Amino acid sequence: MKIKLVVLLLMAVACTKTETINPPALATNRVLEYKVTNVSGDPIYGVINDADKTITAYVPYYYYLTSLQAEIKVSDGASVTPGSNSLITGLDSLFFAENVQYKVTAKDGSVASYKLIVETQQPALSVNEITEDSWTTSSVSDTYPYDRPMTYTISGKNFIVNSSLTVKPQVVFIGTDGKEYKPVGTTDFNTSNGVDGSFSVYMPYAATIPEGTYKVKVVNYSRAFLLEKTIQILYPVN
Numbered sequence: 000m001k002i003k004l005v006v007l008l009l010m011a012v013a014c015t016k017t018e019t020i021n022p023p024a025l026a027t028n029r030v031l032e033y034k035v036t037n038v039s040g041d042p043i044y045g046v047i048n049d050a051d052k053t054i055t056a057y058v059p060y061y062y063y064l065t066s067l068q069a070e071i072k073v074s075d076g077a078s079v080t081p082g083s084n085s086l087i088t089g090l091d092s093l094f095f096a097e098n099v100q101y102k103v104t105a106k107d108g109s110v111a112s113y114k115l116i117v118e119t120q121q122p123a124l125s126v127n128e129i130t131e132d133s134w135t136t137s138s139v140s141d142t143y144p145y146d147r148p149m150t151y152t153i154s155g156k157n158f159i160v161n162s163s164l165t166v167k168p169q170v171v172f173i174g175t176d177g178k179e180y181k182p183v184g185t186t187d188f189n190t191s192n193g194v195d196g197s198f199s200v201y202m203p204y205a206a207t208i209p210e211g212t213y214k215v216k217v218v219n220y221s222r223a224f225l226l227e228k229t230i231q232i233l234y235p236v237n
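Counting from 1, position 42 in the sequence shown corresponds to residue 41 in numbering that gives the first Met the number 0; the numbering is continuous, with no gaps.
Because the hints were derived from the structure by calculation, they are not lab data. Only a predicted model underlies this, so the values are computations on that prediction, with no experimental measurement involved. Hints may contain errors.
[Unchecked claim] Calculated cross-link-like contacts (lysine-lysine; reagent style BS3-like; alpha-carbon spacing at most 30 Å):
#  : residue 1 : residue 2
1  : Lys106    : Lys72
2  : Lys156    : Lys106
3  : Lys52     : Lys72
4  : Lys216    : Lys156
5  : Lys72     : Lys114
6  : Lys156    : Lys167
7  : Lys214    : Lys167
8  : Lys178    : Lys214
9  : Lys156    : Lys181
10 : Lys156    : Lys178
11 : Lys72     : Lys102
12 : Lys156    : Lys228
13 : Lys167    : Lys216
14 : Lys167    : Lys181
[As the list claims (entries may be wrong)] Ranges of calculated distance between the beta carbons of each label pair, as one might list FRET restraints:
#  : residue 1 : residue 2 : range
15 : Ser39     : Gly211    : 29 to 35 Å
16 : Asp75     : Gly177    : 29 to 35 Å
17 : Ser39     : Gly177    : 37 to 43 Å
Positions of the beta carbon are idealized from the N, C-alpha and C atoms, including for glycine.
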């Protein structure tokens, strides 16, 4: 009886069919390779995530790139816009704007969009808050001939400066309506170790910014710091 049972089991196993399931076909509108080439030394390869449709390029901040050029490989027969080796300028402003989108179009016309994320690994800024001691009155000079000779000193840590590439801290005043204004000028960054220090901001005057309450945002390459305290700009009545 036991022998018959074993024979029946073996026959059942022998008669079982195996069904082969083919893997799903790969999309024909993919980014296969992305490498940043306008850097010294070896190119920097981006990390492509097909599920999230992102390309992450880890470009160290000490390259101080303000533009980016990349070689891009896509699926056979597909095209990409912006194209391979296209130069993307204004990279320092794109850190705070919408990301660059690469559109890959397959032979059949289907389109996939990949978002470019540039990671600089720049240390976070640390900026001291506004105090009464931050404000000083300076005399009008030939270098800064403004009719409101009031300056505001900003100090903090982890700034990066490269004067030859015009990479330096900047300031933006943000109104209650969200509109942004720039100061009329800034001094050179004063530092003893290259990353911690201060600089002065020459405040706007009536022709460049209306009276009102403003937030102060400090921008340095790929990092920004919004101060908690606001400033109020008022002009004397002539």
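Given hint Lys156 paired with Lys216 - CA-CA distance at most 30 Å: 15 Å, holds
Whether the CB-CB distance between Ser39 and Gly211 falls inside 29 to 35 Å: Given range 29 to 35 Å: violated, Cβ gap about 46 Å.
Asp75 versus Gly177 beta-carbon gap, inside 29 to 35 Å or not: 46 Å, violated
Distance restraint between Lys167 and Lys216, which requires alpha-carbon spacing of 30 Å or less: Roughly 14 Å between the alpha carbons, so the hint for Lys167 and Lys216 holds.
Agreement of Lys156 and Lys167 with the hint, judged by alpha carbon distance not exceeding 30 Å: Within the cut-off at roughly 13 Å; holds.
Holds or violated: Lys156 to Lys228, with C-alpha atoms at most 30 Å apart: 18 Å, holds
Agreement of Lys167 and Lys181 with the hint, judged by alpha carbon distance not exceeding 30 Å: Measuring from Cα to Cα gives roughly 14 Å; hence the hint holds.
Straight-line alpha-carbon gap Lys178 to Lys214, limit 30 Å: Holds, because 11 Å separates the two Cα atoms, which is no more than 30 Å.
Pair hint Lys156 and Lys178, alpha-carbon separation not exceeding 30 Å: 27 Å, holds
Lys72 paired with Lys114 [C-alpha distance capped at 30 Å]: Holds - the C-alpha atoms of Lys114 and Lys72 are around 15 Å apart, at most 30 Å.
Proposed proximity, Lys181 with Lys156 (alpha carbon, max 30 Å): Distance of about 22 Å is within 30 Å: holds.
30 Å Cα cutoff - pair Lys52, Lys72: 15 Å, holds
Violated hints, in rising order: 2, 15 and 16; the structure is consistent with all others.
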